[in-house]
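Protein chains: 2
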Amino acid sequence: MITNELFFQKEATKEVVKDAYDALYKEMVTDEVGYYTLPQSDMLLKIEGFIEDYDLEVKGIKNIVVIGIGGSSLGTKAIDTLLSHTPNRNNLNLIFMENVDPIEIDKNLKNLLFEESFFIMISKSGSTIETTSHVKYLIDRYDAPVDSSRFREHFTFVTDRNSPLDDFGREYEVPCFHIPANVGGRFSVLSAVGLLPLTLLGYDTRALLAGANALKESFFDRQEDDLIQKAYYYTTHSKDFPINVLFSYSSAFSAFNDWYVQLWGESLGKIDKTQNHVGMTPVGIVGSIDQHSFLQLLIEGPRDKTVTMIKVKDFQTPLTIPDVHLPKLEKTDFINNHTFNELINAQCDATMQSIKDQGISVDMIEIEKLDAYNVGYMIMYYELLTSLCGYFLGINTYDQPGVELGKVILKEKFAN
Amino acid sequence: MITNELFFQKEATKEVVKDAYDALYKEMVTDEVGYYTLPQSDMLLKIEGFIEDYDLEVKGIKNIVVIGIGGSSLGTKAIDTLLSHTPNRNNLNLIFMENVDPIEIDKNLKNLLFEESFFIMISKSGSTIETTSHVKYLIDRYDAPVDSSRFREHFTFVTDRNSPLDDFGREYEVPCFHIPANVGGRFSVLSAVGLLPLTLLGYDTRALLAGANALKESFFDRQEDDLIQKAYYYTTHSKDFPINVLFSYSSAFSAFNDWYVQLWGESLGKIDKTQNHVGMTPVGIVGSIDQHSFLQLLIEGPRDKTVTMIKVKDFQTPLTIPDVHLPKLEKTDFINNHTFNELINAQCDATMQSIKDQGISVDMIEIEKLDAYNVGYMIMYYELLTSLCGYFLGINTYDQPGVELGKVILKEKFAN
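If you read the protein sequences in the order shown, they are chains C and Z. Sequential numbering from 0 applies to the first sequence in numbering that gives the first Met the number 0. Sequential numbering from 0 applies to the second sequence in numbering that gives the first Met the number 0.
Since the hints were derived computationally from the structure, they do not count as laboratory data. There could be a bad hint or two in this list.
Which copy? The list can't say, so a pair holds if one copy fits it or any two copies do.
[Said to hold, decoys possible] 27 Å max Cα-Cα, derived DSSO-like pairs, lysine-lysine:
no.	residue 1	residue 2
1	K238	K272
2	K410	K368
3	K58	K45
4	K109	K310
5	K9	K45
6	K58	K9
7	K368	K312
8	K355	K58
9	K272	K61
10	K368	K238
11	K310	K58
12	K25	K58
13	K9	K355
14	K406	K368
15	K109	K355
16	K327	K410
17	K355	K25
18	K355	K238
19	K355	K312
20	K272	K25
21	K238	K17
22	K406	K330
23	K272	K17
24	K355	K272
25	K312	K412
26	K61	K109
27	K109	K368
28	K368	K310
29	K330	K13
30	K310	K106
All chains should be built: construct the whole structure from the sequences, respecting the hints.
And the structure:
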């Protein structure tokens with residue numbers, strides 16, 4: 000169960016709400032945008048079949064290496080970080096090859112045995128420079144040329160159907176999983192991009208999809224109009240509140256925050272039809288840690304932010320602060336005999352109260368517990384919210400034309 | 000060697016520059032603000048003596064556990080993350096107990112043996128609720144009451160002289176290291192707060208202090224007026240550019256970015272003398288990863304940001320992208336036979352160019368290599384820049400009154 004309470008005015012009229020709903024409905028039924036239907040795809044069947052055939056245990060696989068960047072890694076990392084404490088998670092190491100920072104590459108591979116590793120190369124086109132450079136390096140370092148059985152048996156591709164990478168895979172008999180062409184990278188975590196590694200790690204990816212589907216169904220049943228109200232409020236006030244803070248009260252959300260930053264920033268930071276620069280800047284912080292970092296700025300700094308609090312009601316990890324008295328520090332004894340679960344949630348409530356008292360627009364998302372179902376729900380929550388904001392901003396939510404120039408300049412630097 | 004080039008107008012007049020310089024000089028010589036003189040303190044002598052006497056190896060210590068939050072942990076984490084690949088770093092595990100998230104506490108302690116652990120409790124007052132709760136829990140879990148030799152031999156305190164925690168330590172013979180009273184938490188990494196754990200981990204903390212001192216001396220020799228120009232530009236344009244992005248091109252900077260966010264946000268987000276809410280919002284991102292996340296928003300989104308690029312010239316990790324051809328992906332072969340070092344730096348340059356082409360105010364910090372000296376320099380760079388911004392905003396840079404209300408509300412929640 001997840002609830003969301005908005006502590007600001009719902010300003011969208013019935014007509015505005017209906018139009019926004021219709022816009023998303025149209026994106027879905029025309030297949031213009033594919034993420035809505037990912038929870039119903041049969042990709043999991045294919046993945047489960049593959050995993051059964053491949054049999055990691057017999058092959059002695061100990062490491063899942065995801066080679067991908069941005070939308071190809073952030074979602075998987077977010078979900079694994081949210082759920083890594085749950086019993087479903089097996090003991091495989093999950094390693095990401097994202098950055099081309101040589102220090103990071105060296106650290107990642109220092110003790111990695113090729114024979115114990117299963118590599119998933121993820122790229123919609125296949126031409127991402129970071130990803131191809133990593134794969135070239137791996138081929139050379141581990142002596143696994145593309146036409147060898149070593150390569151074929153240890154690599155898998157996740158890519159668009161008929162992309163250059165898909166063609167490569169077909170020709171060299173490398174297993175390929177396809178991302179629907181109408182699903183953009185940052186909306187792709189519920190496709191093979193996330194489902195393949197997450198299923199390999201033991202997670203209940205059926206429950207993940209079920210959670211996402213539940214919110215989607217509920218939204219398209221008109222049970223979630225508050226999502227529309229929230230998006231309307233954020234976008235119509237985006238000049239006054241250009242920064243949207245996600246204040247998640249659990250360290251398990253650290254990578255989810257990063258996923259949110261990409262989803263929000265890259266989807267909404269656009270030039271609109273009238274050539275205006277629009278969008279809002281996402282900031283992800285973690286409570287209670289960032290009470291000691293960012294909270295001062297929220298409370299006393301410029302009034303340019305909205306804040307969403309995320310609270311986990313039941314951490315399912317019952318640890319109590321014992322009735323221990325520290326000499327001279329008796330002032331802190333009010334917390335003795337309470338659980339850490341109570342403490343962090345009381346901190347979340349107290350912080351929200353102190354923010355709300357400043358007249359800052361805030362809302363609270365309460366999650367019953369961290370499990371695959373609720374995480375799927377949260378993924379869909381932010382995807383729908385992003386689509387709605389994009390609709391209200393009058394932009395294309397799903398492209399990223401602004402990053403192309405840098406790629407061209409990069410290539411020129413290496414010409415000749 | 001570190002250089003910083005500003006690609007925007009230097010607008011501060013000679014008089015403005017002189018006045019800002021004088022303000023910081025006065026803070027330093029009157030001892031109103033203590034971080035300026037940390038590089039000259041004799042704390043390292045005390046720490047080195049302690050480490051020699053304590054002899055971790057003989058005691059079988061394998062884990063350094065830092066119990067602290069905000070300014071008590073972020074600086075150490077930043078420096079360890081920047082330098083963990085260097086040969087000085089020994090094999091001790093560094094564990095942070097920061098958040099009161101029970102999942103995180105459970106994960107941290109799951110395989111931790113008390114006998115192999117050295118705990119450093121860091122708090123200026125000693126009354127930080129997260130930190131005391133952690134210590135109480137450790138005492139109970141590991142059966143180490145405050146008056147036991149187990150506690151005395153495995154715990155150390157870092158705190159203000161004559162704070163309640165210092166009194167506790169004196170009475171129970173727990174070793175104490177002192178933070179100067181005029182050094183705030185977020186400016187304290189070059190005090191015992193950072194020096195104790197970092198020296199334990201094998202780092203050349205003398206070089207760290209030398210680097211910080213070099214910039215400080217140079218600044219007070221009037222060789223670094225560009226720092227003043229930058230602060231003046233940021234603060235006088237803070238209404239137009241309320242967001243300052245730090246775009247660091249190396250994953251090693253991820254925790255440094257977090258340290259910067261606290262330093263910047265908590266120091267500058269204030270109510271000024273005329274009751275205005277002032278300050279700028281810090282955002283830390285990592286290249287090349289966040290080219291695939293945040294760059295689109297930078298390029299096409301609202302023009303409300305300044306950007307500082309950080310480039311590491313020599314990663315001292317020579318890895319080459321081999322001359323391997325991936326079938327169908329020949330377009331990426333322009334990078335073959337170049338190093339990852341070249342690639343990530345070319346990406347940094349290309350991204351900066353594409354941002355600059357948009358008319359966005361940008362500057363570039365180039366670091367010769369990641370070593371303790373240069374990291375010390377970077378710490379002092381951001382501390383001085385923060386002080387200068389605080390001066391120009393006309394605020395108290397060193398307090399954090401806005402976080403008190405939440406603490407009061409929290410306590411009320413647990414009052415009977």
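List, from low to high, the hint numbers that the structure doesn't satisfy.
Hint check: 5, 6, 8, 9, 10, 11, 12, 15, 17, 29 fail, others pass.
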